[in-house]
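Novice: Heads up: the sequence lines are chains A and B, in that order. Counting in this note's numbering, the first sequence runs from 738 upward without gaps. Counting in this note's numbering, the second sequence runs from 65 upward without gaps.
Any given hint might turn out to be false.
[Said to hold, decoys possible] Label-pair ranges, simulated between beta-carbon atoms:
| hint | chain 1 | residue 1 | chain 2 | residue 2 | range |
| --- | --- | --- | --- | --- | --- |
| 1 | A | Ala914 | B | Ala182 | 37 to 47 angstroms |
| 2 | A | Arg991 | B | Ser186 | 38 to 48 angstroms |
| 3 | B | Val180 | A | Val755 | 48 to 58 angstroms |
| 4 | A | Arg991 | B | Ala210 | 29 to 39 angstroms |
| 5 | B | Gly196 | A | Asp961 | 25 to 35 angstroms |
| 6 | B | Leu315 | A | Ala923 | 50 to 60 angstroms |
| 7 | B | Phe259 | A | Ser838 | 50 to 60 angstroms |
| 8 | A | Arg772 | B | Gln222 | 34 to 44 angstroms |
| 9 | A | Asp954 | B | Leu310 | 18 to 28 angstroms |
| 10 | B | Leu310 | A | Ser818 | 52 to 62 angstroms |
| 11 | B | Ala182 | A | Ala923 | 35 to 45 angstroms |
| 12 | B | Val180 | A | Ser884 | 40 to 50 angstroms |
| 13 | B | Val180 | A | Arg999 | 36 to 46 angstroms |
| 14 | B | Val73 | A | Arg798 | 46 to 56 angstroms |
[Said to hold, decoys possible] Away from chain A, derived, C-beta distances all over 10 angstroms, residues of chain B:
| hint | residue |
| --- | --- |
| 15 | Leu89 |
| 16 | Thr98 |
| 17 | Ala131 |
| 18 | Leu156 |
| 19 | Pro166 |
| 20 | Phe207 |
| 21 | Val348 |
| 22 | Ala425 |
[As the list claims (entries may be wrong)] Over 12 angstroms on every C-beta distance to chain A, these chain B residues come out as not near it, computed from the model:
| hint | residue |
| --- | --- |
| 23 | Gly176 |
| 24 | Arg189 |
| 25 | Gly193 |
Worth flagging that the hints you see were computed from the coordinates, not collected in a lab. By construction, the Cβ of each residue, glycine as well, lies at the ideal position given by its N, Cα and C atoms.
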Amino acid sequence: MSAGTSEHEVAVRVRGLVNRFGTQTVHNGLDLDVRRGEILGVVGGSGSGKSVLMRAILGLRPPQAGSIEVLGRSVSGQGESLQTLRRRTGVLFQDGALFSSLTVRENVEVPIRTHYRDIGSPLRCELARLKIRLTGLKVSAGGKYPSELSGGMRKRAGLARALALDPELLFLDEPTAGLDPIGAAAFDELLRTLADALGLTVFLITHDLDTLYAICDRVAVIGDGRVLVSGPLEEVEAFDHPWVRDYFNGPRARQAKAAQGRRER
Amino acid sequence: MVESAEFVVDAVDSDRWLARGDWRLSHASELERTVIDASGSARSVDATGIDHIDAAGVLLLLRAAQALSVAPEAIALRDEHRPLFSVIVDALADEGEGEDEPPPLWREWLGGIGRVVAGAGSNLRLLVGFLGLAISRLLGTLFRPAQWRVTATVFHMQQTGLNALPLTALLAFLVGAVVAYLGATVLRDFGAELFVVELITYSFLREFGVLLTAILLAGRTASAFTAQIGTMKSREEIDAMRTLGLDPVVLLVLPRLLALLVMLPILSLLATIAGFAGGLAVSVLSLGIEPEMFFTRTREAISLQHYLVGLLKAPLFAATIALIGCLEGFKVAGTAQSVGERTTSAVVQSITLVIIIDALAAVFFMEIGW
């Protein structure tokens, strides 16, 4: 745990999280802070429990032990307080998780319709169109059904729905998985722009080293049921743990780092 | 924190409008009403009084500025709101073409009917083609025992036959009991309650034994076949088989077809016996017919013809159910949603076809005097 988390405002605070499936322990006393306004990249091997962590923070899965606070509220809360949390967070699931029976625009309207019933339908429609355009899709995509979209477009549409309520906190589960390198790079850039412009705090699960180097402020590595290390990339790279070393010093990591170096120059 | 949002004319300078307060989604509907009231023209809009703003707020602010014919650049903003503002202005700038309008409802509806009719025709052609394919593959592998899929066939026999037995027997028993009651109610008026035995015998031998089994298997087995093959199709397993030089029809369709061809007649025979048992139970317990009497009359009523009328239909039904189930599985394209759609379609089609074939067969056997 890097020192001095207290001086930053914390958006998500996880303490002593324990998650078990039967006899298999996924998290064993996991602590994690996501600071306000940062993009936190969460990495870890397959089956290390990245997605389980996200589901626990979202309150989709009650943990066996530990406390989770999101924006100062406990996620184990009921009714009104959870509803407020849902209003202030947006989630992009792995394949977009768009509702297949609705068009893209209707998908983006769903959160607005659910949480702000007083907003009239013309304004709602206009807001949805704005979000669709913000994520780099054409307005004409709004009338299409999710099955008619490509993988990259589905992710963008999913992002538009996640951003529908202008959330403070955004959860992304492998946003660039399954995209071609050009599409992935464009998506990274989009995320960075939107996060800066909208002042988002982003919790980003990824396998994509390019994404880590291109847009993440801090990185948290999950392994052995806890957060092995979290901090800026340079700190994490230097951390002495076999998995971390292999991950950040493999050929792919070196390429990603080189690409990032070129970009900055 | 309950703040309000305002959009008002500056008291000092009437050419200037002031935006103040919380311009976020939670105040959007209230703001929309205020913004609609703004009209006329102004020189500038001062939005530095806004404490919080989000995309919805920017959208409304831009709309207000437009109503007052103020250019977006002439809106004064706090520095921290500037990045959001410029991103939204950019996004709104490239308007592009609008959404495609959906066609009117009546045209959609009319088109739907057309699609269904055309679809039914081509579906039937596909099914006949698939039948031909299966037969040619069956003949092709008939004399090559190395290509027989004995294990798979036996597995499907257990799945579709043995495991369906309890349900089939129970259903047939209950329907047998119901028919006996129904018959007794009508025949009592004529003092001919004894003819309940003939009613049970004829109806189960000729129709109910095989029809009940076929409808049950159409629901139970056709859907299972579609789901199994459909899942394999959507995971590209079928394509993988082809690239390895394996024939999906031989591997997947023939075992299922053969299993059902063997099991459906057996099941319908057992269902017939269960139906007799149901009729017997009601006759003995409720109508006061002696068991010996029941068996004697049954033996007199049974003839080979009646039995054949029922049994001859069984392979037809089996082939229909197996082929529709497999064909619908092969039609799956891509997603899990498609698997669901095809499974429903398989059940609907196979039950419909089973009943149509049964009706045609009834007419046929009646005409030839069986």
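Novice: Evaluate each hint against the coordinates.
Specialist: We went through each hint and held it up to the structure:
At roughly 40 angstroms, the beta-carbon separation of Ala914 of chain A and Ala182 of chain B lies within the given 37 to 47 angstroms, and the hint holds. For Arg991 of chain A and Ser186 of chain B, the Cβ-Cβ distance of about 56 angstroms falls outside the hinted range of 38 to 48 angstroms, so the restraint is violated. The supplied range of 48 to 58 angstroms is met by Val180 of chain B and Val755 of chain A, whose beta-carbon atoms lie about 55 angstroms from each other. In this structure the hint that Arg991 of chain A and Ala210 of chain B lie 29 to 39 angstroms apart at CB is violated, the actual value being about 53 angstroms.
Between Gly196 of chain B and Asp961 of chain A the beta carbon distance is about 60 angstroms. The supplied range of 25 to 35 angstroms is therefore violated. Against the hinted window of 50 to 60 angstroms, the Cβ-Cβ separation of Leu315 of chain B and Ala923 of chain A comes to about 43 angstroms, which falls outside the hint. Hint check: Phe259 of chain B to Ser838 of chain A, Cβ distance near 54 angstroms, so the stated range 50 to 60 angstroms holds. Taken as a hint, the range 34 to 44 angstroms is violated for the pair Arg772 of chain A and Gln222 of chain B, whose Cβ atoms sit roughly 59 angstroms apart.
For Asp954 of chain A and Leu310 of chain B, the Cβ-Cβ distance of about 52 angstroms falls outside the hinted range of 18 to 28 angstroms, so the restraint is violated. Look at Leu310 of chain B against Ser818 of chain A: about 57 angstroms separates their beta carbons, and that is inside 52 to 62 angstroms. The supplied range of 35 to 45 angstroms is met by Ala182 of chain B and Ala923 of chain A, whose beta-carbon atoms lie about 41 angstroms from each other. Hint check: Val180 of chain B to Ser884 of chain A, Cβ distance near 20 angstroms, so the stated range 40 to 50 angstroms is violated.
Restraint check, Val180 of chain B to Arg999 of chain A: a C-beta distance of roughly 58 angstroms breaks the suggested window 36 to 46 angstroms. In this structure the hint that Val73 of chain B and Arg798 of chain A lie 46 to 56 angstroms apart at CB holds, the actual value being about 53 angstroms. Distance check on Leu89 of chain B: its Cβ comes as close as 6 angstroms (rounded) to a Cβ of chain A, failing to clear the 10 angstroms threshold; non-interface status is violated. Distance to chain A confirms Thr98 of chain B as a non-interface residue, since its nearest Cβ pair spans about 13 angstroms, more than 10 angstroms.
Interface exclusion of Ala131 of chain B from chain A stands, the closest Cβ pair being 14 angstroms apart, more than 10 angstroms. The beta carbon of Leu156 of chain B is not kept farther than 10 angstroms from every beta carbon of chain A, the shortest such distance being approximately 7 angstroms. The beta carbon of Pro166 of chain B is not kept farther than 10 angstroms from every beta carbon of chain A, the shortest such distance being approximately 7 angstroms. The non-interface label for Phe207 of chain B is consistent with chain A: the shortest C-beta to C-beta separation is roughly 45 angstroms, beyond 10 angstroms.
Against chain A, the non-interface label of Val348 of chain B holds: every CB pair exceeds 10 angstroms, the least being about 53 angstroms. With a minimum CB-CB distance of about 41 angstroms to chain A, Ala425 of chain B clears the 10 angstroms threshold, and the non-interface call stands. Non-interface call for Gly176 of chain B relative to chain A: holds, since the shortest CB-CB distance, roughly 16 angstroms, exceeds 12 angstroms. No beta-carbon of chain A comes within 12 angstroms of the beta-carbon of Arg189 of chain B; the shortest separation is about 26 angstroms.
Against chain A, the non-interface label of Gly193 of chain B holds: every CB pair exceeds 12 angstroms, the least being about 27 angstroms.
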